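Novice: What follows is each chain in one-letter form.
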Amino acid sequence: MGYAYTPGLIIAENTIVRKVRGLPLKGEVLVRIGQRVRAEEVVAEAKLPGEVRPVNVASELGIVPDELPDVLLKNEGDPVAKDEPFARTRGLFGLFKSECRAPIEGTIESVSAVTGQAVIRGRPKPLRKLAYVAGTIVDVREGVSATVEAPGTLIQGIFGLAGEAVGTLELAVESPDAVLDADRITPEHAGKVIVGGSLVTADAIKAAVAHGVKGIVSGGLNDADVRATLGYELGVAITGEESLGVTVIITEGFGKISMAGATFELLRKHSGRLASVNGTTQIRAGVIRPEIVIPLDDVPATQVNGHEGGGVLRVGTRLRAIREPYFGRLGRCTAVPPELETLTTEARVRVLEVEFDDGQRAILPRANVELIEA
Amino acid sequence: MPDGDNIDTILATDCGSTTTKAILIEKKDGEYRLITRGEAPTTVEAPAEDVTRGVINAVGEVEDLTGREFIKNDAICCPREGAVGCDAYVGTSSAGGGLQMMVAGAAQKMTAESAQRAALGAGAIVMDALAVDDRRQPHERIERIRSKRPDMILLSGGTDGGTKTHPVAMAQIVAAAEARPRFGAGFKLPVIYAGNAEVQDEIKRILGEKAALYVTENIRPQLETENLGPARGKIHDLFLEHVMAQAPGYSKLMGWTTVPLMPTPAAVGLIMQLIAEQEGIQVVGVDIGGATTDVFSVLRSDRDDPGSANVFNRTVSANLGMSYSIFNVVAEAGFENVMRWVPLELDERDIRNRIRNKMIRPTTIPQTLEELMIEQALCREALRLAFVQHKAMAVGLKGVQQQRTIADIFTQAATGRTLVDMLGLDMIVGSGGVLSHAPRRSQAALMMVDGFQPEGFTELAVDSIFMMPQLGVLSTVNKRAALDVFHKDCLIRLGWCIAPRGTGKEGRACMRVEVRTDSGVESHELVVGELKRVPLEPETKATVTVTPAKGFDVGAGPRQTVSREVAGGVVGLVLDARGRPFAPPEEPAPRLHKLAEWNAALDVYPAV
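Sequence order for the protein chains is C and X. If you count the first sequence from 1, position 26 lands on 25 in numbering that gives the first Met the number 0, and the numbers rise without skipping. If you count the second sequence from 1, position 155 lands on 154 in numbering that gives the first Met the number 0, and the numbers rise without skipping.
Source of the hints: derived by calculation from the structure; they are not laboratory data. Just to be clear, a hint being listed does not mean it is correct.
Unchecked claim - Which chain C residues face chain X? A few, computed with CB under 10 Å, are given here:
#1 13
#2 114
#3 234
#4 253
#5 343
#6 347
#7 363
To be verified - Result set (BS3-like, lysine-lysine): computed pairs, CA atoms no more than 30 Å apart in a straight line:
#8 C:255 / C:205
#9 X:108 / C:124
#10 C:73 / X:203
#11 X:187 / C:124
#12 C:124 / X:147
#13 X:26 / X:108
#14 X:531 / X:549
#15 X:108 / C:46
#16 C:46 / X:504
#17 X:203 / C:128
#18 X:163 / X:209
#19 X:187 / C:73
#20 X:163 / C:96
Just so you know, these numbers come straight off a predicted model, no measurement behind them. Glycine included, every Cβ here is placed at the ideal spot set by N, Cα and C.
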């Protein structure tokens, strides 16, 4: 019997979710190992270097650059207040003096007698890192990161928009093939992560923002609605920084595609629980997929094997076609022939045989399927 | 290491972002040939986080296919120990996103542009080019450096004895950004200074503490001179010392290779330059990948002087590609420009969703002809856009003073003119899955013809399995081995495209073509809008004589006859009378009709 390795997304009902909450530069970790944290609790903070404002002193004072050292009132490293003079000409007989004032509060970082320029660095800005997932701190790297661990459900999406958000999970449709349009979103959804079915429309995303919804999970999304929502054409699938006001995660792909039954049922089962969602997607080397994490304190966890999706494709494996002409259809692998087969394009590739859930049989390139859990 | 002709067995690997490819080359009957190849997923990232795992796995596939051993104690065995191992092991890498740089200069069109050419030629992706006249506020430039996190910065500005304030001002900006490199937290960002030599001390004072500063010769010592070699050399050194040495497993890999590892595009540049030099031709190469498209060219430094020295240029279109970046092709080219190449009427919403689905599941392949046609249409537009960018960067030096007489006014070109002279271009080489693995070679030929729109006589070729990087680095060890394999196993000659420059009314005479071979003479009369294939087997020689009609030119001037010796290829001669520049008709019905006609002429797609 043949088999092949095929990639896929994680849909794990009971697993151990670990999140490393790292600072972009050295700072302070505020939690200790063993401490319980809420999702919206600050676990680490750092001070980002302040804004930098170059000031062309020579030009402001009407002097040549190499006169700069003679007119400075402050030296490199000295603090300055906003609007405080830090350079002044001697003037003529003590009169007609010109001054240069600091545009921001900070310190004099550097001055150059070549350019006639001084660089003032503003006060550092605090950056706070939240726990994101409610759980227990299991590791701390002093000044660098804290790791949160929680037993729970982890569902990876295929594509998302906007970054981290936390809210109570609630179904906004009754079935995985229903369309989530604006009419289904009500003021009661404020602060929640809502679940749609086969499609979420641009109007629904707009309504969700208006009602203060934290996150939307849907099977599909039309490309046209991505453009309508963002206001520009998204060229490459590197997302997470969008300021939409709501996090959007799609689980299946672009177009109207019913959410996989297992995914929908899992979300229905956990309706009412707190979910942490992140739309950040990076489809490049070092792939990042969007995710829905539902911590389950009261459920015993059985860890999945590593954090890789996919697995071995064998006869009997449940799978989903991920390319036309069968895009989105679910079925079961019936054969994994070892020989190359010729497609209608005349390309010779490795294939598999599949029986779809409606009984239809087909031959598909192995590259065009992903494995799903039974 | 055995040198020169004593090298019999060579292993070469290329670590790409997703796949590591190994090739085995051996000397047989006095010539070097490709024996076999193996590949495995690249292992720079978790869970392996050691690039040598992917290398060992790819070489392991070579071992399986040949029944021989190249690995000993979990490392490549080089030099050979009896029957185990190889005489030379060379490698290239673009894993982990390759070499990502920012450059800075005084004027955008002068030193900043020279700095870009230096970085691109060294194999880098240029994330941004900062210049005093780039219309950004200083704090915006600082923010840009911080947010982009380049692997290194090339700082230039001013000719020797020229402006001092501009390079120093740029150094202050780099210092203020206090950027950290992508790899190796705790290390200082490498900065190369290659600007006005007179302010080197001031630059050291500003950047000495804040960055890992290296000073090299000015890339633009005078306005009329560009001196990119020393800066490129420094970039290579720092790529190995700072970037590669920080990437997981590279220190180990660097200990295995016979010569230093090379960034993949720099190695491709080497082999292209070698070919151009050896055959005395002007050549353009393209590598269209999943995320990026690289264009390389070796062209005369003066279009009007056939005796002028060759110049190598490379550009990388960082977001034009066939999988990860496929939707960006739509975003940059426009949906209509993509669909003008698809010989079918399709629903826009559906096609947009399909292209998006390829973007999020980049490893899928077309299963139907319709899907193949859409991907090949996207390829044409990606090639077109990447070539437009290349033409804008492969230019003569700007800002050079020219002495003019009254007689020159109407003939002398402005400074900064592109070096790409389509009528003088001899060869276009394509590589990347969509071209190298197109089910029919005629598909690759037509994609390149439509994307590049070659003029006059241009030979078309594809790299069979994209081994140009390995052959490029190999050429530094054994030039002959690299050339033998390039000609015998790497390059697949498709044939020649013969296309007159000019436009005319559909159906009017365009050119008369006479093809003379040992077996006889064939004549072809082509009208405007027509495309025709004339089979000419590989290795078969022919003399092709083209007489263009009124309004057309094949290189010797309007209506002037040109004769040229050509060799055949797997596609043959592509006689393209569609005019230059050309675009398919805008109206749907005539467009579909013409596309069907052209596809049939070259037997591009199977009948359905």
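Novice: Would you list, in rising numerical order, the hints stated earlier that this structure does not obey?
Specialist: 1, 9, 13, 15, 16, 17
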